[in-house]
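Peer 1: First to last, the protein sequences are chains A and B.
In terms of numbering that gives the first Met the number 0, the first sequence is residues 0 to 452.
In terms of numbering that gives the first Met the number 0, the second sequence is residues 0 to 161.
Hints were generated in silico from the structure; no laboratory data involved.
You may find that some hints are simply not true.
[Claimed, not checked] Covered stretches of chain B (chain A as the covering partner; in silico rule of three or more C-beta atoms under 8 Å from a C-beta of chain A):
hint : region
1    : 83-97
2    : 111-119
[As the list claims (entries may be wrong)] Sample of chain A residues facing chain B (criterion: CB under 8 Å; computed from the structure):
hint : residue
3    : Cys48
4    : Ile49
5    : Val65
[To be verified] Far from chain A, some chain B residues (derived; all Cβ distances over 12 Å):
hint : residue
6    : Ala78
7    : Pro103
8    : Arg136
9    : Ala138
10   : Arg139
11   : Gly151
12   : Ala161
Treat the numbers as computed from the prediction; the structure is a model and nothing was measured.
Glycine residues also receive a C-beta, built at the ideal position from the N, C-alpha and C atoms.
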Amino acid sequence: MRRVLVANRGEIAVRVIRACRALGLETVAVYSEADRGSLPTELADRALCIGPPRSTDSYLRIDTMVTAARGTGCDAVHPGYGFLAENAAFAEQCAASGLTFVGPPPEVIRLMGDKIAARQFAAKLGVPVISGTEAAVHSADEAGAVAEAVGYPILLKAAAGGGGRGMRIVRAPADLREAFERAHAEAQAAFGDGRLYVERFVEQARHVEVQVLADDHGACLSLGERDCSLQRRHQKLVEEAPSPVLSDTLRRELLEAATTLAREAGYRSAGTIEFLVEPARSRYYFLEMNTRIQVEHPVTELVTGVDLVAEQFRVAAGLPLSFTQDEVRVLGHAIECRVNAEAPDQGFRPSPGLITGWVAPEGEGLRVDTHCFEGYRVPPFYDSLLAKVIAVGADREEARTRLLGALGRFAVSGIHTTIPFHQQVLAHCDFIASDIHTRWVEEVFLGSGGATP
Amino acid sequence: MPIERDDLKEILAAVATAGFDEFSLEIGDMKIHLTRQGAAAAPGGTAVAVAPAPSSPPARPSPPAAARPSAPPAPRSAAEEGLVAVTAPLLGTFYRAPAPDAPPFVEVGGMVEPDDTVCIIEVMKLMNNVRAGCRGRVARVCAENAALVEFGQTLVLIEPIA
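Same shape as in the complex, but just chain A (with noise of 0.2 Å):
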């Protein structure tokens, strides 16, 4: 392995790009035009412009992306995560066309792609799932069936999903009907596959998921849970490592869980199987698993000190892990908030446009991933990240503490940012108590006026 095509753009193609420096590989990025002159095409050593904007013009396109690596002499492409980290056709065409897809084998995203054939593949090995449908539902009456066995209020969830889009939690059999129809169209529209299926709704669950790491040579390791209960229309904004409120039984059963999943799916490179966890009840529920490095990947290794982007290329290299599982050691506490250019006190409104002001903070136990500089116009047509501020602590409080330090420090102008938000959240007691879940955002925070908690 020489050259890699970075397949993605902002914060996690400088993530990649720095990754391939360290281990001394070649590096051309991609963009679309609203990317032009982004900070990924002055890092790699060359870029190349694939299109317009628009993303299925652009970063979408299979065709592209490959006739690109394969134009400017690669021999691996890294995808990041979203666009086509998770398309396992173009993993496979990768595969056809003599380039090294820096991820797992192609079935295993197919499987996992489909959550509904991810939980019945669980279910099998016996690893808990919530209970609802075997298989797809496809009408409302037929979701009103399963509703009633496992009783209100249950969840809606596209069979194709991701990013809570095809979502929806139905309280009540008389908003069934619309719930339905609402979920199906959004998740036709989002992935091309309307189909849906049901869960009961587990309410005050907190959202826990382990990170694993699998190699050719028959390694299966986890390390370790981060929580991501910290959400806002199931977008996570604040993720930490190791959960706060996961007994050590708990915890091991949860690893468990994940390398026999990670195992028996033939997985290869860093993969994340999400739990959804009752604390009060000490339950765990397999939800999904993530074919891709995650956003929130840094808090694992600030706690863990892996290079988790690095043993990916490493595994896709062909060579074996760096370490065994004796060796993953869990040390003190991270924390890492997503900040994203979106107005908190205007609804999350976006906020794209010219960054006028950039510094970021810096410090002892800080970590700043980001694609931003002063001058950088946030493009429209892309997601809202600017950065992802992590910090480390040898506990929970001393991470905590760093971390709203660094908030204040960060000094954007030009945009609206969801720095404050963060600010409010670190400092509000449900947060310091961990007494929090995935719809504490919308219930208790906001829902109380959390400007003053």
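Fit chain B to the given chain A structure using the hints.
Peer 2: Below, chain B without anything else, positioned relative to chain A:
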């Protein structure tokens, strides 16, 4: 509300991707009217081009230049010479001829009609014909045969002849 050049570029980029055939905007004393070239024609030929309609005079001299969403433009001199750039509609391999032993589609000095193919862009064995887009004389061929060309890169310059 004063409108900045960068604002304009953003608006134009958004319009260019939105699939409108016509677009009008008035902000204060500034008026922009855009029509897509060959809006009625089948898609896939030349790159999307957005140009100010001749009927409404631009309030500033800059819009026509900014109206080109593909930024690595033909050298300014080409524009000053009045040459029209045919740009790559997608990233791929540039071919001047339909087959290795066939004569090139166009030679410098030759005449082209708007619908004439001037070159091919190959993307994974798929051949995409690139049309001249205007009537005129080929002034320059700017890319090398069998080279990888980027989206928006100038391939051929044409001296338009009415």
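Peer 1: If a hint holds in the structure, say so; if it doesn't, say that too.
Peer 2: Checked hints:
1. 83-97: This one holds; 4 residues, not fewer than the three required, reach chain A with a Cβ under 8 Å.
2. 111-119: With 0 residues in contact (Cβ-Cβ under 8 Å with chain A), the coverage given for the region 111-119 of chain B is violated.
3. Cys48: The hint holds - Cys48/A has a Cβ within 8 Å of chain B, the shortest such distance being about 4 Å.
4. Ile49: OK, holds: Ile49/A within 8 Å of chain B, min 5 Å.
5. Val65: holds (6 Å)
6. Ala78: Ala78/B is indeed farther than 12 Å from all Cβ atoms of chain A, at 18 Å.
7. Pro103: Fine: 21 Å to the nearest Cβ keeps Pro103/B off the interface.
8. Arg136: With a cut-off of 12 Å, Arg136/B remains clear of chain A, as the shortest Cβ separation is near 28 Å.
9. Ala138: holds (23 Å)
10. Arg139: Fine: 21 Å to the nearest Cβ keeps Arg139/B off the interface.
11. Gly151: violated (6 Å)
12. Ala161: At about 30 Å from chain A, Ala161/B clears the 12 Å cut-off, so the statement holds.
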